[in-house]
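For reference, the chains in residue letters:
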Amino acid sequence: MESEKKRPLSEMMAPYALAGELIMARVAGDTAKFYDHIRKAKDVLMSPLETDIAVTPYDVVWEEDRVKLKHYRPRTEPSLKTPLFIVYAQVNRETMLDLQPGRSVVETFLNAGLDIYMLDWWYPTRKDRYLNLDDHVNGYIDGAVDFILEKHGIDQLNIMAICQGGTMCVMYAALHPEKVKNLVTTVTPTNFDHDAGLLNVWARSLDPDKLVASYGNIPGDILNLGFLLLNPARLMIDKYVGFLENIDNKDFVENFVRMERWIFDSPDLPGEAFREFIQWLFRENRLIKNELVLGGKKVDLKNITMPVLNIYGKYDHLVPPAACDQLTSKIGSTDKEDLCLDTGHIGIYVSSKTQREFGPKIIRWLTERDESPEPVNAATKKTASKKKKAGEAAATE
Amino acid sequence: MSEKEKTSNSAQHVVFEDWVKAQTGAWEDSLKRTAQVWQAPFGTASPIPGEPGKQPSPDEIGKGLFEFFQTLSSIAGTPKPKDFESARSVPDMMLKVLQPFWGYSIKLQQQWAEMTGATATGEPENMAELIKQMTKSFYDTQGEDFRKFLNVPQLGLNRYYQERQNKAIEKATEFQSALTEFLQLLMIPMEKSYYGVQEEIAKMEKEGKAAIKDSKALYQLWIKKLEDHYMALLRSDDYMNTLRETLNKLHDFRAARAEFFMDQLQNLPIPTNRDMDELYKDLHILKKRVKELERKVKRNGK
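Protein sequences appear in the order of chains A and B.
Take the first sequence: its letters are residues 1 to 397, numbered as in the working numbering.
Take the second sequence: its letters are residues 1 to 302, numbered as in the working numbering.
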């Protein structure tokens, strides 16, 4: 009887054997095709591959400490009077916006005649561990804004911000509204009191003090590991099974490698800024509650009175709609719009479908507001209907 | 059945009974074969089983010797010539040389099996559970003894250095324990997805639906199950607590290790992180003050 109860080791290993067999079976297909597949894969992998990212030419026009300001070389006469200042997150790099020709937000903007500046946070070293949110918002972002304003001899510029960079730009716009003509936030978390994404659940239970004490700056590899663990089945297995299946397709391999290069190019996060971000935002949700204080000044969202376009992804598992869709109801602007796209966190910038929608929408929206000294009131109505649509979409999801 | 007898069916015995048996068998075979090989040059070797009267060939002798020394050196390093002096015959010598190692090895295996068996609970159903029981038992029992040893009060001039060294070792062990438990948790969805696929197929058969013959469809079914099980796990309190515990232990280990390394670096002309962090903090404060002053000057200039 007892031997029946005891499960042999070989049986316990069965789940892992099955996983291996299924992956192999999926990749291999039938034998004849498999050999052909391998032969072609060898040819592809041994051939010269175009995997460079961020190839659009630019000049570094301003630097402070490690932070640089890129100015993209215009391709046409400027179509807008107001330059666009882009602020990416510190998690991963801004090269996402210029992944490859034909899949580049930067390229789309340049072709439309926008004058683009982009902040490059570069790679923090241990020296940067004491830099806090105030240093980033009132220091680096403000420094770059002042440089652009001075260079162009203007009082205001447009800001487009991404993810965590967007959160910092919302703070910036609330603290320096006089310098921001229009604000475009994309996949920007501003509300952290929800359980829609795993990241939120995890971040709230972390002890940021211990992490910062241990590491100084938070290593990019640890963050990446955290992101992979958000969906290990897809991100650590299925994704690479897909790669093996298409390894004989040169275009696919090039695109895949480009994306891999971007994903794992992860600068560390300055320790103190990380600690404040986790504690003040993820744990205490101070920003949306108007309780955040930076550099001795309250970050009051009602001070954001410039036009705001708030774009987010319906299927974003990192910054879900619940993290984004409260902003417009808390700010002082009358000209504001929420736009929820049928895509995810990264797809919003790189998927072919979104490329046709995302970039052109921002260009249109900025163009409509470029000449106008006052907010475009017509857009308020549009905002309401869009907002309703987004809300309905989220509800039916 | 007594409690002790019940625990003999636990996780560790699944592995260790087989393992000890295999080890013992392998050693016995190896000894027999090697003894035969050693005796051959003196014409005293037993005949090869199944082939009466036949002595091992020179090739077999060479192979046997090679295997013997390979096995021996792998556990005890190469024996010195004087170790062999008192051996009156080659087989005796081999047994003399091997006995302590073999005996110790078997004793260790028994201790391990007893130790882990004594604290394990229930029959392991899967690899994740098996690993959990084994590692938990090890760290709970052996780890406790080890901890006591590491915490023996240190004396004299070097006491603080020794304490920090011991603390680093203790924290490394605790972190390893926590990490193993965390990794074990990540194995669970792999196993659940396997049984999920089995259940799904059985259900389809029961309902008279056509079985999945396409490996791609089967893969899709499995990866979906795997994803679902991971999603459930990653949101669970168990996962959150284990993750938190692992990160806390990682922090404790890194802090203890840093202190230990700082002691070592003090003897070298290399600044420690503590030295550099103080400098960086001063630099950070000074930069802020300079920027503020620059702003004030600019404002006054306007």
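Be a bit skeptical, because a hint or two may be false.
Said to hold, decoys possible - The calculated DSSO-like cross-link candidates involving lysine-lysine, where the alpha carbons are at most 30 Å apart (straight line), are:
id	chain 1	residue 1	chain 2	residue 2
1	B	281	A	210
2	B	281	B	167
3	B	224	A	127
4	A	297	B	281
5	A	353	B	213
6	B	281	A	127
These aren't lab readings, by the way, just hints derived from the structure by calculation.
(request) Given the hint that residue 281(B) pairs with residue 167(B), test it: the Cα-Cα distance must not exceed 30 Å. (result) holds (28 Å)
(request) Assess, step by step, whether the Cα of residue 224(B) is no farther than 30 Å from the Cα of residue 127(A), and give holds or violated. (result) violated (44 Å)
(request) Assess, step by step, whether the Cα of residue 353(A) is no farther than 30 Å from the Cα of residue 213(B), and give holds or violated. (result) It is violated: about 34 Å lies between the C-alpha atoms, which goes past 30 Å.
(request) Please work out if residue 297(A) and residue 281(B) have their alpha carbons no farther apart than 30 Å. (result) Holds. Residue 297(A) to residue 281(B) sits at ~23 Å (cutoff 30 Å).
(request) Would you check the hint for residue 281(B) and residue 127(A), treating anything up to 30 Å between C-alpha atoms as holding? (result) Roughly 8 Å between the alpha carbons, so the hint for residue 281(B) and residue 127(A) holds.
(message) Need the status of pair residue 281(B), residue 210(A): alpha-carbon distance at most 30 Å?
(response) OK: residue 281(B) and residue 210(A) at ~18 Å, within 30 Å.
In the structure shown, a violation is registered for the earlier hints numbered 3, 5, in ascending order.
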